[in-house]
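A.B. asks: Sequence:
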Amino acid sequence: MKLLANPVVLIALGLIMGVGTSVGVVWTAAKPLVEEAAAKREKKSKPEKPEQPWDFWTIEIEGLASELKEQKASLKQREDAVALRETRLESEQKELTKTRQQIESLRNEIGEKMIEVKADEAKNLKTLSNTFRNLSPKAAVSILAEMDQLTVVKVLSLMKTDEVSALFEEMGKSPDPTVVKRAALLSERMRLLRAARTAATP
Numbered sequence: 001m002k003l004l005a006n007p008v009v010l011i012a013l014g015l016i017m018g019v020g021t022s023v024g025v026v027w028t029a030a031k032p033l034v035e036e037a038a039a040k041r042e043k044k045s046k047p048e049k050p051e052q053p054w055d056f057w058t059i060e061i062e063g064l065a066s067e068l069k070e071q072k073a074s075l076k077q078r079e080d081a082v083a084l085r086e087t088r089l090e091s092e093q094k095e096l097t098k099t100r101q102q103i104e105s106l107r108n109e110i111g112e113k114m115i116e117v118k119a120d121e122a123k124n125l126k127t128l129s130n131t132f133r134n135l136s137p138k139a140a141v142s143i144l145a146e147m148d149q150l151t152v153v154k155v156l157s158l159m160k161t162d163e164v165s166a167l168f169e170e171m172g173k174s175p176d177p178t179v180v181k182r183a184a185l186l187s188e189r190m191r192l193l194r195a196a197r198t199a200a201t202p
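In this note's numbering, the protein residues as written are 1 to 202.
Mixed in with the good hints, there may be bad ones.
[Stated by the list, open to error] Lysine-lysine pairs mimicking DSS-like chemistry, simulated, CA-CA at most 27 Å apart:
(1) 94 <-> 72
(2) 181 <-> 138
(3) 123 <-> 138
Rather than coming from a laboratory, the hints here were simulated on the basis of the structure.
Can you build the whole structure from these sequences, using the hints too?
C.D. replies: Written as structure tokens, this is what we have:
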């Protein structure tokens, strides 16, 4: 009790109690801040997981995702179909080009053959015209009657005018009206042929 009566002891006790109270008040106020800082430090040390946005719309989002997957699958099928069609078209194009080349080759070959045929035909027609020159008009007309009209016109076109006139004169003497009519048709064809040659000559 004597110690408590000592002023120095009382002052010391007052200081101790004042400091303790201050520390207690400060600690009480600072404790939430310290805990919050510790929580933030712990949160930073751990990887953050993003929160799911629109948690209330999860079913709709899943439906959209499913629809997008279906559309993607459908587009993939279309792309595959288009790729297959392009491959087929490319193959058909190559086949068409090959066929076109074959046709062009055949056309050239036929053209060459036609030139050869025309050359041979011209040679044969000249031979026939020379043969008819050496025949009498009566014999020549009897042979011409068995030939087709176009060939006769070609042969006559290679003969001289007086030789052709003699043949027409002989045909005009025939008692058969078909022979006379044939002579008129041949004459008309000869006229048209000469007119065409004149027009073609520059």
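A.B. asks: Does each hint hold? Answer for all of them.
C.D. replies: Structure-based check of all given hints:
no., hint, in the structure
1, 94 <-> 72, "violated (33 Å)"
2, 181 <-> 138, "holds (17 Å)"
3, 123 <-> 138, "holds (24 Å)"
Of the hints listed earlier, the one the structure fails to meet is number 1.
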